[in-house]
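**Student:** All chains, please: the whole structure from these sequences, using the hints.
Read off the chains here:
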Amino acid sequence: MLTIARSELQQIVRNRMVFFSATVIPVGLSLLFIAQRETFSQVPTGMGFLAGAFMMILISMGLYSTAVTTLAARRQTLFLKRLRSTAVSDVAALAGILGPPALIGIIQVTAVLTVLAVLTEAPAAIPLLIVSGLSLVLMMLGLALATAGITTSPEHAQVTTLPVTMGTSAVAFWIGFTGTEELGMLKRALPGGAATELTINAWNGGVELADNLLLLPPTLAWIVIGVLLAKRFFRWEPRR
Amino acid sequence: MNSETVIDVERLNVSYDDFHAVKDLTFNVRRGELYALLGTNGAGKTSTLEVIEGHRASTSGKVSILGEDPRNRKAVRPRMGIMLQESGFSADLSAMETLTLIGGLTGREDQPSRVLDVVGLTTKSETRVSALSGGEKRRLDFATAIYGSPELIFLDEPTTGLDVASRDDLWEVVDRLREDGATIVLTTHYLEEAQQRADRIGLMHEGTFRMQGTVTELTQTLPGHISFTLSEDAPVLPLESSTSGGKLLIETHGLQQDLYTLLSWAEANRTELRDLDAGPTRLDDVFRSITRN
Numbered sequence: 001m002l003t004i005a006r007s008e009l010q011q012i013v014r015n016r017m018v019f020f021s022a023t024v025i026p027v028g029l030s031l032l033f034i035a036q037r038e039t040f041s042q043v044p045t046g047m048g049f050l051a052g053a054f055m056m057i058l059i060s061m062g063l064y065s066t067a068v069t070t071l072a073a074r075r076q077t078l079f080l081k082r083l084r085s086t087a088v089s090d091v092a093a094l095a096g097i098l099g100p101p102a103l104i105g106i107i108q109v110t111a112v113l114t115v116l117a118v119l120t121e122a123p124a125a126i127p128l129l130i131v132s133g134l135s136l137v138l139m140m141l142g143l144a145l146a147t148a149g150i151t152t153s154p155e156h157a158q159v160t161t162l163p164v165t166m167g168t169s170a171v172a173f174w175i176g177f178t179g180t181e182e183l184g185m186l187k188r189a190l191p192g193g194a195a196t197e198l199t200i201n202a203w204n205g206g207v208e209l210a211d212n213l214l215l216l217p218p219t220l221a222w223i224v225i226g227v228l229l230a231k232r233f234f235r236w237e238p239r240r
Numbered sequence: 241m242n243s244e245t246v247i248d249v250e251r252l253n254v255s256y257d258d259f260h261a262v263k264d265l266t267f268n269v270r271r272g273e274l275y276a277l278l279g280t281n282g283a284g285k286t287s288t289l290e291v292i293e294g295h296r297a298s299t300s301g302k303v304s305i306l307g308e309d310p311r312n313r314k315a316v317r318p319r320m321g322i323m324l325q326e327s328g329f330s331a332d333l334s335a336m337e338t339l340t341l342i343g344g345l346t347g348r349e350d351q352p353s354r355v356l357d358v359v360g361l362t363t364k365s366e367t368r369v370s371a372l373s374g375g376e377k378r379r380l381d382f383a384t385a386i387y388g389s390p391e392l393i394f395l396d397e398p399t400t401g402l403d404v405a406s407r408d409d410l411w412e413v414v415d416r417l418r419e420d421g422a423t424i425v426l427t428t429h430y431l432e433e434a435q436q437r438a439d440r441i442g443l444m445h446e447g448t449f450r451m452q453g454t455v456t457e458l459t460q461t462l463p464g465h466i467s468f469t470l471s472e473d474a475p476v477l478p479l480e481s482s483t484s485g486g487k488l489l490i491e492t493h494g495l496q497q498d499l500y501t502l503l504s505w506a507e508a509n510r511t512e513l514r515d516l517d518a519g520p521t522r523l524d525d526v527f528r529s530i531t532r533n
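Sequence order for the protein chains is A and B.
Position 151 (the first sequence) corresponds to 151 in our numbering; numbering is contiguous.
In our numbering, each residue carries its 1-based index in the second sequence increased by 240.
A couple of the hints might just be wrong.
[As the list claims (entries may be wrong)] A few chain B residues that face chain A, going by a derived Cβ cut-off under 7 angstroms, partial list only: (1) G307; (2) R313; (3) I322; (4) T346.
[To be verified] With a straight-line cut-off of 30 angstroms between C-alpha atoms, the simulated DSS-like cross-links for lysine-lysine are: (5) K81/A / K377/B; (6) K81/A / K231/A; (7) K377/B / K364/B; (8) K81/A / K314/B; (9) K302/B / K314/B; (10) K377/B / K285/B; (11) K285/B / K231/A; (12) K314/B / K377/B; (13) K314/B / K231/A; (14) K285/B / K314/B; (15) K285/B / K302/B; (16) K285/B / K81/A; (17) K81/A / K364/B; (18) K231/A / K263/B; (19) K302/B / K81/A; (20) K263/B / K302/B; (21) K302/B / K231/A; (22) K263/B / K314/B; (23) K81/A / K263/B; (24) K263/B / K285/B.
[What the hints assert, rightly or not] In silico contact screen, one side only, chain B against chain A (beta carbon under 7 angstroms); selected entries: (25) K314; (26) R317; (27) P318; (28) S330; (29) G375.
Calculated from the structure, these hints are not laboratory results.
The beta carbon of each residue, even a glycine, is placed where N, CA and C say it ideally should be.
**Tutor:** Here it is as structure tokens:
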């Protein structure tokens, strides 16, 4: 698995287009928001909003989109079939391919949130922030596998990833701007909704741990849905 | 399973929705032999190979590779090399990086630089796959299959895209591997390669074997030929003939005897056999005959 992951990382760095869309765009967008932080401090969820929005933007654009594009490209070139010609198990092959985008996403989130904490205030509950981030990563990996199943080429990924990247980002902004006082159940049930609320709570503090833990089941349900969709739709070889 | 049997296929069936791609296929491959799986387009070769290689589940039937289920990758892959029909390499990796990655994942031990040398790619070791020619990619593919000298090697269209010299080089390496005891399963559209090198051949058409056996066994099913032209005043021939392409054609199952009879007749009658051509049936004749039937 590590051999595949190292090779994937090498390829991401060498392919300028993938490297640019996986790193520069989401990080640049986040830094732009940080520069405008005074504007966002007026929203009801305060700086927690920025943390929630960053987490979602970086994980959906940096991790999810890169993962779908990479899987589609590896399938199109028959690299996935090639891996299955070796002694590596399916799980190890996928872990090796998805590991680098996941790692890049986690590093980006950590770096951007650290900058935000230094410039504004430290998060109230770092462990909860980590739990929220990891649950979001797992959900996006499951959705990436499922989306890759209906994505015929890396170019096609620009279209097929839009519903999830736009949808989850919209949910994060909706919750960030309006909170969960109204339509709370609906907002938490949407993909990434509960995770965004958890991130906001972890950053701002002031919410009981028990209430925060109640935000995990919806994200866990989306992880299960992602895995089930992946099992249903993911393909190792191009359709003939 | 016989201890000398490396591949054992019993009543294999592969279906895709309503399409029955492989029908009740039964055959085996013995240790050390070169078995050629040939067939017409859409005959079911690829589906059969994919099941044997462990890339696809069968609809029904039993398949055993080296005494194991082909889908048991951990047990089987370190002992078998696969040259795919299409490369499946990452464009951004060099030839050396590709072989180190894929070779290392096979579970076999070898030196990538040695294998690149064997396939004649030493000077291209630092070249990215995207910059390799089609023939060089095929050679790199071949390198991944022979990495660690596995005991069973699948070669799917190995010489497609290779020039004549590269083809010869590839077969030379295959010959050396066979001398060391490797078993080869070959699919190719170059029938002369199969005719020259295969110990046994399975000829597939419409999902099933139409013929199976050695080259001699297969070609003996059809008559050999003697063709020539004669002057108009030539005497009556001693053998039954027909006309084909402006030439007289004698079809025969006793080529040597009939050729002797014909030459003796020509000598006795002082008759010249112009454009004389004679030979046994070739594999492509057998191939054509199964598609016609």
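**Student:** So which of the earlier hints does this model not fit?
**Tutor:** Hints 1 and 29 are the ones this structure does not satisfy, whereas the remaining hints hold.
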